[in-house]
Amino acid sequence: MNNHKAAIATGEVIADNSVPSRRAFLASSVAGVVSAWLACDWPAIAAAGAHAQQAAKQSAEAGRPVAFAVFTDAQAAELDAMVSQIIPTDETPGAHEAGIVYFIDRSVATFASSSRTLYMQGLEQLQAKTLEMFPSDSKFSALNSAQQIRLLTAIETTPFFKTVRDHAVIGMFASPQHGGNYRKAGWKLIGFEDTLNFKPPFGYYDAASQ
Amino acid sequence: MRRFTPNTEVDFVVIGSGAGGAVMAKELAAAGFSVVVLEQGGWGAYGHEQDYIKDELLHMYSQDPVNRLMSDPNRQRNTFRRNDKEKAVPGTHSYGCVVGGGTVTYGASSWRHLPYEFKEATHEGTLAGSGLADWPITYEELEPYYTKAEWEIGISGQRVNSPLFSPMSKDYPVPPLPQKSSGALFRNAAAKLGLTVVPNVAAIVTRPYRGRPACVNCGMCGGYGCHVKAKSSSAVTLLPAAVATGRCEIRVLSYAREISLGGDGKASGAVYFDAQNREIFQKAKAVVLCANGTETPRLLLLSKSKSFPDGLANSSGLVGKYLMSGNACTASGLFDQPLEEYKGAVTGAAILDFVPSDPKRGFYGGGRMTARGQESPIQYALQGPHSAPSWGAGYKTALKKQANRKLTITSFITQLPLETNRVDLDPDVKDAWGLPAMRLTTTSHPNDFKSMEFFRQKSLEILNAAGAISVWADPVADSTGGAHSRGTCRMGNDPQTSVVNRFHRAHDVPNLFIVDGSSFVTGGRNHPTMTISALAFRAADHLVRAARSGTLTARR
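Taken in sequence, the protein lines are chains A and B.
Per the working numbering: the first sequence ends with 210, consecutive numbering throughout.
Per the working numbering: the second sequence ends with 1556, consecutive numbering throughout.
Hints are computed from structural coordinates only; laboratory data are not their basis.
Keep in mind that a hint or two might mislead.
[Stated by the list, open to error] The list that follows gives simulated cross-link-like pairs (lysine-lysine, BS3-like), each with its CA atoms no further than 25 Å apart:
#: 1; chain 1: A; residue 1: K188; chain 2: B; residue 2: K1119
#: 2; chain 1: B; residue 1: K1285; chain 2: A; residue 2: K184
#: 3; chain 1: B; residue 1: K1401; chain 2: A; residue 2: K199
[Said to hold, decoys possible] If you want the ones that stay clear, here's a sample from chain B, every Cβ over 12 Å from chain A, calculated:
#: 4; residue: K1054
#: 5; residue: D1055
#: 6; residue: E1056
#: 7; residue: W1151
#: 8; residue: C1215
#: 9; residue: H1227
#: 10; residue: G1246
#: 11; residue: D1264
#: 12; residue: E1341
#: 13; residue: G1348
#: 14; residue: S1376
#: 15; residue: P1389
#: 16; residue: A1432
#: 17; residue: P1510
Predicted model only: the values in this text are computed from it and were never measured.
Here a beta-carbon is modelled for each residue, glycine too, at the ideal position from N, C-alpha and C.
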């Protein structure tokens, strides 16, 4: 869990004294994830975002998925089932409603293309693991929720799972222009107000002290 | 912007445009001298028509060297080891790398040093095994330049009459930032524990100031460039003023690889790689090196010659040594109501009681505790809620429940200068330009671990007193580099025990001046920027007078 700590710079770089977590970070596959994302270039993200946003919008309007750029419909369904367990739907929208699969598809098609092989091989491994653990099913998405969770728990330390987890989280909380976080589902979940102009008091305690 | 051809011998070439270089460029150009600033980074957003992007994904993952704001350890490669016995491994050291340097992205804390921070050896003794020494200048000598820096740059804060606060001859130009909920919780705890809380001192203007608007509390501050220009970075304060003189060129994407030495033993200019990787020599009458506490010594070590086989200005052998990369300590607590720390600047309040070293604690050291908790959405969610699963229903529930409820105390702590801690050239690894990579070797003095542990315990005590429902702190850890690096070309009166004199002139090279964190003799409380700015104003003042009187290149 704390492996992710160092994945994102905290902004003000004071002095990096986070040795244990940084070591853990470097040792983990998160390094691979992040470096893959780091390999991307700036205009490509912006362009990909516009595509993804359009795709999500079309999909929502049509009530069905639009064409994927990287994944087949079947692969997308597997991936969707997977991210739906990572950030599940309860009384609030989860990864499914937030369009994370579109975010990942567009990302892998463009600025995160270095993750493509990992996804393709990972989806094959997912199918193999499904057959191994639940011989009567060949699709992860056909399993019931408890079975899906059991399977994902069994693979949660693999580079594939960690990549999907991080990409799902990034898609859920990145600006909706990148194709995920549809209707700001992620931001609403954590009470993040999408504006760049705030007036104090900001929170409960500074308001209470006035 | 005025442009010079490299063959034109300008009065000064300034290497680096951060807290030190920007002051030098502006003061020298304003005094009538021609100046070329070599900056290895790009313009950031200020050179374009768009503002800084406030999109976390775009911002955090942007690798484009023209738009990125921090150096890239894959290009500005560096290696790290704890001691000489280890083989250095690829490092993560990074620093501001854009027009304005670290002042573009920093959290903008702008604390002065306290008077005793210039005389630590006098107060503390030399401490066995350490390089603790007094500075060759006093607080009183620097005070007018602190004031000048605060007004020229635009600093918000509140003067406090207390021995815990530096004496000031003039108030801050604008009032302090909002205290935020983290500051309110600090005050609650301080009331119970009898501690002193003051507003943060920051290079962020809270009222319109010299043509720039007040901070809008957007919250995407530390790590970001300011889209309204309320953060008083060099890029929106001193550098535009330097350029406006018509005598200063800022030359971007210019990666310095050598300070050249003429046959007369004086610096003749600098060689750099331009954006097309061409090597270009910029001629200058004098060189002002302001590349930061790690790149400055590296550039000197790279500048070998017959007279300086161990690196330019290094007859003392101390270039790169006494590195203080900065010790800190963090602890966090969760509260039952939302703090909304993602709004506003990084920190609004500090506890000062433990700034002085206190012999009663049984060790040397002090620090400034700051209240914070700012996290952007991706950053928060990737790291994940405290003590919760990293995915699934438990993750989502905890993510929602803990959102905006965290107070983090970050303490900025003393670090003893040790000769064994240093920057040198890696014998094997090369940077993206084919030059020997920077190698950092650093292990803090045992005393410093006691300091960090003291602050760790104090932080937990304060979080509990503030009413946290759960608290935690990682074990204390030694630093591994970072943008606060200091001490590597220390200032002193004796050429055998220091690299620059009290006016930042290299003892060995009469027309070479070194003005950045590397001049620090001791590190203060790890809040270096304002002192770098003040030192630069003082150095510039001296340099202008020397240049006007024709003694610029005279040996002492």
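Hints versus structure:
1. K188(A) - K1119(B): violated (52 Å)
2. K1285(B) - K184(A): violated (57 Å)
3. K1401(B) - K199(A): holds (24 Å)
4. K1054: violated (6 Å)
5. D1055: violated (5 Å)
6. E1056: Non-interface label on E1056(B) violated, nearest chain A Cβ at 6 Å vs cutoff 12 Å.
7. W1151: holds (24 Å)
8. C1215: Not fine: 10 Å to the nearest Cβ puts C1215(B) too close to chain A.
9. H1227: At about 7 Å from chain A, H1227(B) fails to clear the 12 Å cut-off, so the statement is violated.
10. G1246: At about 33 Å from chain A, G1246(B) clears the 12 Å cut-off, so the statement holds.
11. D1264: Answer for D1264(B): holds, closest chain A Cβ roughly 40 Å.
12. E1341: Incorrect as stated: the minimum Cβ-Cβ distance to chain A is 7 Å, not above 12 Å.
13. G1348: Check fails; 8 Å does not lie beyond 12 Å.
14. S1376: Contrary to the label, S1376(B) does not stay out of reach of chain A, its closest Cβ about 8 Å off (not over 12 Å).
15. P1389: violated (8 Å)
16. A1432: Consistent with the label, A1432(B) stays out of reach of chain A, its closest Cβ about 15 Å off (over 12 Å).
17. P1510: The claim stands: P1510(B) keeps its Cβ more than 12 Å from every Cβ of chain A (closest is about 34 Å).
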